[in-house]
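Engineer: Go by the hints and put chain B onto chain A.
Here are the chains, one letter per residue:
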Amino acid sequence: MSAANDTNLIVRFVRTVGQSALFLLSLLRHVIPALARPRLVVHQIYNAGARSLIVIMLSGFFVGAVLGLQGFDLLQRFGSEEALGVAAALGLLKELSPVVTALLFAGRAGTSLTSEIGLMRATEQLQAMEVMAVDPMRYVAAPRFIGGIVAMPLLAAVFSIVGLYGAQLVGVQLMGVDPGSFWSQMQSAVELNDVTEGVIKSLVFGVACSLIAVFEGYHATPTAEGVGLATTRTVVASSVLTLLLDLMMTAAFL
Amino acid sequence: MTSASTLQTSSAAGSRGPDNDIIVDVRDVHYAVNARPIFNGISLTIRRGRITAIMGPSGTGKSTLLRLITAQIQPDRGSIVVWGNDLSTLKPAEIYGLRKRMGMLFQQGALLTDLNVFENVAFPLREHTKLPEPVIRTLVLTKLHAVGLRGAADLMPAELSGGMARRVALARAIVMDPDVLIYDEPFVGLDPISLGVILRLIRSMNEGLGITSIVVSHDVQELSTIAHDSYLLSGGRVVAAGTPQELAASTSDEVRQFMTGSDDGPVPFHYPAPDYVEQLFGNARGGRR
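The listed protein sequences derive, respectively, from chains A and B. Residue numbers are given in our numbering: position 64 of the first sequence equals residue 64, and the series is strictly consecutive. Add 1000 to the 1-based position in the second sequence for our numbering, that's all there is to it.
This is chain B alone, in the form it adopts within the complex:
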């Protein structure tokens, strides 16, 4: 990935210091949907220039956390501080300003279906800059080259495989040279080759461009190879934090179950149900009679 590392960005040259190192600070956040609590006081920090993995079983609100960090939704309680700005105090225009410094890779890519690959990558540039066409063309082609898809510039999103769509989305996410890149489940549904490509790209974006990366996923093995920090979420709170190695060595049942992928443990195999025998032969309700 020499091509990716030749791209330059100002983000890596930021001042270093204990306070400046924290890019995102989530403090005691509570959030509920329809009175169903998703987070009960979650706290975590994302540090500059590092790859932070946010792991947890499906349905623990990992994607919700990303929506909170990008200010698409507001927490019920607690605060989220991004680059020293408390998100709840910002006006919409200021939030848009912050978002221009972030890139986000959505689960399925979320490419705009009526634009081709080139125009999808060019979209943020056309919306936010008045760059002349030749400059846009150069920028888009270099970013597409960085993800290995310069040759696919004229294809439509519907013609791409899942892995390709995600690479195009990645090119789009970095086209504005963001300081932070957020990956929402980047490995879901990918074949081993595409998965390896995405994994390598995440690392090269971080090492070559110095982009702070937040990766939400439940693919423990893959994440462990690239993440510097990791958080394990369960039941609306952080149950473990540390390096992937520290998590793997944890003695907590909850952490071990997740890291080793056993089917029963603190997270039960069975969804809560009435007693089995009672339901089959007795009068307990539920299921069709």
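Next up, chain A with everything else stripped away, as it sits in the complex:
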């Protein structure tokens, strides 16, 4: 790889960004042809989505419960603990669900995508497809990319629901917040815009994380070490990019 010879970090960074942008364009071109094989796409939605459910639900519950505890402690100081429902719902829908889901997605689904595609490259499966006149971008990369984008908002929704249950369990059952005001205040204060913001965020994170995972796998050096490095880069790049995009989108939505 010629990129490895460049000691100039900035040049390397710019080159990678450019390569990923071109890769994204090429992926988008293959989205429609890939959708013609729905079974492949459904399988990848299952891989990225259903197989991440347990970790998402567990984490959602813990995050919601912590939100319940911290929120209760904070709101109690102002004597407005009934607003716990609103605080938890807004915190989860707009911020925590999309972001934490994306971080978990990068660790659970992103790594498996990268290592799977990287190993397919290392074992010449991608080259074999090329020679069999089957475009691996359409058969391997695009279905996984679509799968990640579809799975992310669904996972974030599950995260929100389980998180709210966790917050409710701690706030209402343990700390004694009135259940009526917990739910009714949430119902009246949360608007459709808040939900939309969360959905848009998780869609964007879905594109970013799936792109990085597929890109790194597709371009991994075809050795054990190369695939390992690519997997690490997937987690690091996805996490940092998720947080950066979150900051930008939060500012834009205000």
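Be a bit skeptical, because a hint or two may be false.
[What the hints assert, rightly or not] Label-pair distances were calculated between CB atoms; the ranges are:
1. A:Ala252 to B:Pro1134: 53 to 61 Å
2. A:Tyr165 to B:Gly1097: 54 to 62 Å
3. B:Pro1134 to A:Val190: 55 to 63 Å
4. A:Leu35 to B:Glu1119: 19 to 27 Å
5. B:Gly1041 to A:Thr223: 27 to 35 Å
6. A:Val11 to B:Pro1037: 20 to 28 Å
7. B:Ala1093 to A:Leu229: 32 to 40 Å
[What the hints assert, rightly or not] To give an idea of the chain B side of the interface with chain A (calculated C-beta under 7 Å), a few residues:
8. Thr1070
9. Gln1072
10. Tyr1096
11. Arg1099
12. Lys1100
13. Met1104
14. Phe1106
15. Ala1110
16. Leu1112
17. Pro1124
18. Glu1127
Honestly, the hints are just simulated from the structure, not real lab data. Here the structure is a predicted model, which means the values were calculated and not measured. The C-beta atom is built at its ideal place from N, Cα and C for all residues, glycine as well.
Structural biologist: Quick look at chain B alone, frame taken from chain A:
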């Protein structure tokens, strides 16, 4: 291998003539990776219906040559003409069209790990044809029978031995009835029995189906028994060409070293290094101090 020879293909019935006989024509190809030259003006031809052996020490770019012929990479200079088409002038769709007429056997088989044996062989058919399921089933089972693995149809690639995986890959490579079959190091890491099986299969694919075969390997003895033509590559060019017998009788040191497998000669046993005594006791750099 009566089963293999009962399979019919249209490839053997092609018109015969001096020009039509050349399937692949590599002309003065130069290719470098990261400024490290792999080929310095290599030229060779592959003729219809023959088994052509491409031999050479490891690292001489034999696999790279196959990637050039299948248009996975483009040469820096020179041209590669396949069935009269200059590869550099073809659009991606046309290259895919050419590739459908070629089958390639990869070093380790390169079976798709998430599909079982049957689906691996069926893969090109499912991707390129709209054949009804019963036809696909018949085609796949006949090809698997030809390589002796009809009974393994339900196994996953991970359950196969190296030799079996390569036979399945061979069945996959011939399932579209290609005109040309390319074998990339088909004998590496095989036990003598599997090696014999693969050798026999290569010959029967050629004799029974009339498939033009390109075999890249460094197993001189094995290749000599089946090849019609052979090329010996070294240092980025063809150092010898002819029948295996002609190569074996060559007086050139370079050819003799390779054919007889002696450890020192024009290809030195030692990788370039500073003087031995100087490095051990003097100040020459290299190695850990």
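Engineer: Taking the hints in turn, state whether each one holds.
Structural biologist: Going through the hints against the structure:
1. A:Ala252 to B:Pro1134: 53 to 61 Å: holds (57 Å)
2. A:Tyr165 to B:Gly1097: 54 to 62 Å: holds (57 Å)
3. B:Pro1134 to A:Val190: 55 to 63 Å: holds (57 Å)
4. A:Leu35 to B:Glu1119: 19 to 27 Å: holds (21 Å)
5. B:Gly1041 to A:Thr223: 27 to 35 Å: holds (31 Å)
6. A:Val11 to B:Pro1037: 20 to 28 Å: holds (25 Å)
7. B:Ala1093 to A:Leu229: 32 to 40 Å: holds (35 Å)
8. Thr1070: holds (5 Å)
9. Gln1072: Because about 6 Å separates Gln1072 of chain B from the closest Cβ in chain A, which is inside the 7 Å limit, the hint holds.
10. Tyr1096: Because about 4 Å separates Tyr1096 of chain B from the closest Cβ in chain A, which is inside the 7 Å limit, the hint holds.
11. Arg1099: Holds, because the Cβ-Cβ distance from Arg1099 of chain B to chain A comes to roughly 4 Å (cut-off 7 Å).
12. Lys1100: Holds - the Cβ of Lys1100 of chain B comes within 7 Å of chain A, reaching about 5 Å at its closest.
13. Met1104: Met1104 of chain B check passes; min Cβ-Cβ to chain A is 4 Å, inside 7 Å.
14. Phe1106: holds (5 Å)
15. Ala1110: Holds, because the Cβ-Cβ distance from Ala1110 of chain B to chain A comes to roughly 4 Å (cut-off 7 Å).
16. Leu1112: holds (6 Å)
17. Pro1124: holds (5 Å)
18. Glu1127: Glu1127 of chain B check passes; min Cβ-Cβ to chain A is 5 Å, inside 7 Å.
Taken one by one, the earlier hints all hold for this structure without exception.
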